[in-house]
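Each protein sequence line maps, in turn, to chains G and S. In this text, residue positions in the first sequence follow the working numbering: the first is 1, and each later residue adds one. In this text, residue positions in the second sequence follow the working numbering: the first is 1001, and each later residue adds one.
Heads up, a few of these hints could be off.
Unchecked claim - Selected chain G positions facing chain S (Cβ under 7 angstroms, derived; list incomplete): (1) Ala36; (2) Glu37; (3) Arg44; (4) Leu63; (5) Lys66; (6) Gly67; (7) Arg82; (8) Pro85; (9) Ala111.
Claimed, not checked - For lysine-lysine, the following DSS-like pairs were computed, each having C-alpha atoms within a straight-line distance of at most 27 angstroms: (10) G:Lys2 to S:Lys1529; (11) G:Lys171 to S:Lys1529; (12) G:Lys117 to G:Lys2.
Since the hints were made in silico from the structure, they are not lab data. No residue lacks a Cβ here, since even glycine has one placed at the ideal position from N, Cα and C.
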Amino acid sequence: MKKDIILCGVGGQGILSIATIIGQAATEAGLYLKQAEVHGMSQRGGDVQSNLRLSTEPIYSDLIPKGKVDLIVSMEPMEALRYLPYLAADGVVVTNSKNFVNIPNYPDATAIEAELKALPHAVLLDIEDLAQQTHNPKGANMVLLGKVAAHLGILSADQLRNAVARIFQRKGEAVVESNLKAFDLGLNA
Amino acid sequence: MEKRLLLGDEAIALGAIHAGLSGVYAYPGTPSTEITEFIQSNPLALERNIHSRWSTNEKTAMEAALGMSYAGKRALVCMKHVGMNVCADAFVNSAVTGVNGGLVVLAADDPSMHSSQNEQDSRFYGKFAMIPIFEPSNQQEAYDMMSAAFELSESLKLPVLMRVVTRLAHSRAAVEIKEAAAENGLNPDTDRHWVLLPGIARKQYLLLVEKQKDMLKAAEASKYNVLNKITGKKTGIIACGIAYNYVCEAVGPNVPIVKISQYPLPEDKIRELASVCDELIVFEDGQPVVENDIRGLLGANYCVKGRLTGDLPRTGELDPDNVAKALGVAAELSFGTAKNLANRPPQLCNGCGHRDVYTALNKVAAEYPNHRIFGDIGCYTLGALPPFQSLASCVDMGASITMAKGAADAGLFPSIAVIGDSTFTHSGMTGLLDAVNENSNITVVISDNLTTGMTGGQDSAGTNKFEAICLGLGVAPEHVRVVVPLPKNMDEITRIIREEIEYKGVSVIIPRRECMQTLQRHLREKKNK
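So here's chain G without its partners, still in its complex pose (with noise of 0.2 angstroms):
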């Protein structure tokens, strides 16, 4: 079994932390796994992507080909239609559906929303709402984790929480339980 998914968004909307959190629940439960990040130059405000690869067997290629890609997380509507000719034919697409307009030529929001409904599996949430019934702003990409829980397949929704809590022990019982509500949100959203 493998999962082939594209983790994208904004610069700064933390899509890395998801890639962590997912690789750490990946490596606790014995998965094959690679994880190709953008660091540099692009990190900031620009586009950013990473290509994350979960198999119970070897993994060759640290990027996946084009057509092949079973899952894309997006923190961002626009930015989730980036990537489309990475998507397999039943592949989903799982996306935060509040645009960020940080550029002049943005293309109308409505247009963007049609496009990815007309795709066959898409799945819009607004994240950012959600996270702020946390008082949790910064959760938003905890909360898409939890809507992508339920579309993963090769991890339950039990490991991926599990992962949460592990990654954000060291910053305290506070912060474990808040990115927790977050991730509870998404997952039953």
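Take the given structure of chain G and dock chain S to it, following the hints.
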């Protein structure tokens, strides 16, 4: 056996520590930065007091590492590919002196220029200096090869180059960890062959030429170079470094192939594969180094395909898609490019002091229709993009000052340079001395954010020393001006820029305010204390 999830860069760092490293010397540069950062915070490295402070540039790093090698200990030098240009003098000559303690030079190439101004291939430098090259195909090899590279370096008494590319440097996978070896003891060389006077250098160069056959023998016997001799297929595959993964992703490992991860090229293995196939196709990330060499090796009548024949793109990195296409197994795509999509280029952070610098420069420069602003390498290169579009050039570390000088020599006025604090100490100081010595009519802006910003906020070598450096180089004290780049100071800043443009000589303006990223980090650290 312990397994750890490591970036390629981190695997290199841990591999070096476990190989008995005594010092890493480096200047930050994507995609190599994380190697030194890992060593700076690794518990064993701290316990052993392994040297890991940043160097001022790649040349000082290379020379210091050579000094540590002279003293008998194992040293590592890390840089991005263009850093090889900066340290080339020391690097090439270190092959002539030879080494005492093991010396490994790590070059992280950036094909596709994700964060660079060119895609030069560091394997050329290895060939040029006539030393062995390692090119790992995955994180495990990156870790294992550090021990192998240090051992080879000490057995051949030569520096060894390890070359990685962005996709390995910045990709994570599980790595099996070995026991850490002890460091070498202090054992300074006593031989005079390090003194490269012509008489000695000629002997040393001959020795280097004689070592080529030992290097070839090592490459032929290397467990990292693997021939899979399968007969009955038309096309044989040569796959270098990370390209091996893309080939296996496309067609699996049971194909006629030579996997190459150690150079010089294992010629026997390549000839053997060629003898059972009608043609070879070469997959290598970067420039067509091996493709060219194999053409020479097999002669004009043997068909060798690759980037030069158009079977693979001539520029840009390899990926699973262009490799699959070249092998005739490209996948059908289910979805095309999205309709509602726009480019989202990187930007200067909100509140960044460089923004205020460009706002002020643009305001004053608008009064001088013939002005040019020469840029340099750093976050502030983004001043070339909207909304500022201030820069006329960005070439290499330090070129802002010297290009402004040359243009001023030609009669351009006003000729302005913008350079960051870390770039200035890396390669700007010598150019400023040239300008001072000729009293060139230039205005130099050292935009000081107290850090090496673009690579993530590493210490900057000149922090708190810039006024002293400029005065020491001979800039007139009344033309070294310090300002705080904030919107509320805009009137003062524009006035000072105008005054210094009007001054017929070298002036330096230092806008100084901490980088927003490091400021936030420092505030967080304070809060968590």
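Here is how each hint holds up against the structure:
1. Ala36: 4 angstroms, holds
2. Glu37: Status holds, d = 5 angstroms.
3. Arg44: 4 angstroms, holds
4. Leu63: At 5 angstroms from the nearest chain S Cβ, Leu63 (chain G) passes the 7 angstroms test, so the hint holds.
5. Lys66: Lys66 (chain G) check passes; min Cβ-Cβ to chain S is 5 angstroms, inside 7 angstroms.
6. Gly67: 4 angstroms, holds
7. Arg82: 6 angstroms, holds
8. Pro85: At about 6 angstroms, which falls below the 7 angstroms cut-off, the nearest Cβ of chain S leaves the hint on Pro85 (chain G) intact, so it holds.
9. Ala111: 5 angstroms, holds
10. G:Lys2 to S:Lys1529: 42 angstroms, violated
11. G:Lys171 to S:Lys1529: Distance of about 12 angstroms is within 27 angstroms: holds.
12. G:Lys117 to G:Lys2: 26 angstroms, holds
Of the numbered hints listed earlier, the single one contradicted by the structure is hint 10.
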